[in-house]
Amino acid sequence: GESVGLHLPTLSVQEGDNSIINCAYSNSASDYFIWYKQESGKGPQFIIDIRSNMDKRQGQRVTVLLNKTVKHLSLQIAATQPGDSAVYFCAESQPYQAGTALIFGKGTTLSVSS
Amino acid sequence: NAGVMQNPRHLVRRRGQEARLRCSPMKGHSHVYWYRQLPEEGLKFMVYLQKENIIDESGMPKERFSAEFPKEGPSILRIQQVVRGDSAAYFCASSPPRPVMNTEAFFGQGTRLTVV
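Protein sequences, first through last, are from chains P and W. The opening position of the first sequence corresponds to residue 404 in the numbering used here, with each subsequent residue numbered one higher. The opening position of the second sequence corresponds to residue -2 in the numbering used here, with each subsequent residue numbered one higher.
Incorrect hints may have been included.
Stated by the list, open to error - Between beta-carbon pairs, the in silico distance windows are:
1. W/S84 with P/S455: 34 to 40 Å
2. W/Q77 with P/T472: 44 to 50 Å
3. P/Q417 with W/Q77: 45 to 51 Å
I should point out that these hints are in silico values taken from the structure, not numbers from a laboratory. For every residue, glycine included, the Cβ atom is placed at its ideal position computed from N, Cα and C.
Between the sequences and the hints, there should be enough to build the whole structure, so can you do that?
In structure tokens form, the structure reads like this:
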């Protein structure tokens, strides 16, 4: 079946470095994507989203890039901090449909060392 | 988001028992979604409910699992005759009426079910 997947299960970076987490999706009908952060023992926390009519969106210290040609999106975290250590999931959905289920990838565990 | 309350946080059941997981949505939210997360995996959609209605249960196993969201009280995810494979974290998310996009869905802290 079609699903969202991630390239690497783990990523280790030094504090202050920039982090890039990648995600590939296979469902060409999906045109809305979300990045979530999940800390141990907690529920997913929304980070940033992007629609297919955009190729880049910036938030505070985070940037999401979308490449529809190769069905790839990435999350960039600037000046990574120890508090950024968590599992990061990309999720896809179709917008403006109330209650549309999110399809999650398997996640990348980001470890930030001081 | 602390606004979506799930209880219990941890639940241990023996094989064959019933598990009841509760979700109280954020104030003013009338849409509830249940997801299951197996260890080392992403969340898998199970069911979407509005008050007194099941809107989409395409991700729910056909047997032993049921969900409700009554007019009053929390949403309940019920698993009958639990098996070891049901061990997982179950997350609830809620959103307000007529959500425009899924960013309006906030997740609870989850219930971790262990079947022994």
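Notebook entry, point to check: In ascending order, which of the hints set out earlier in this document are inconsistent with the structure?
Noted result: none
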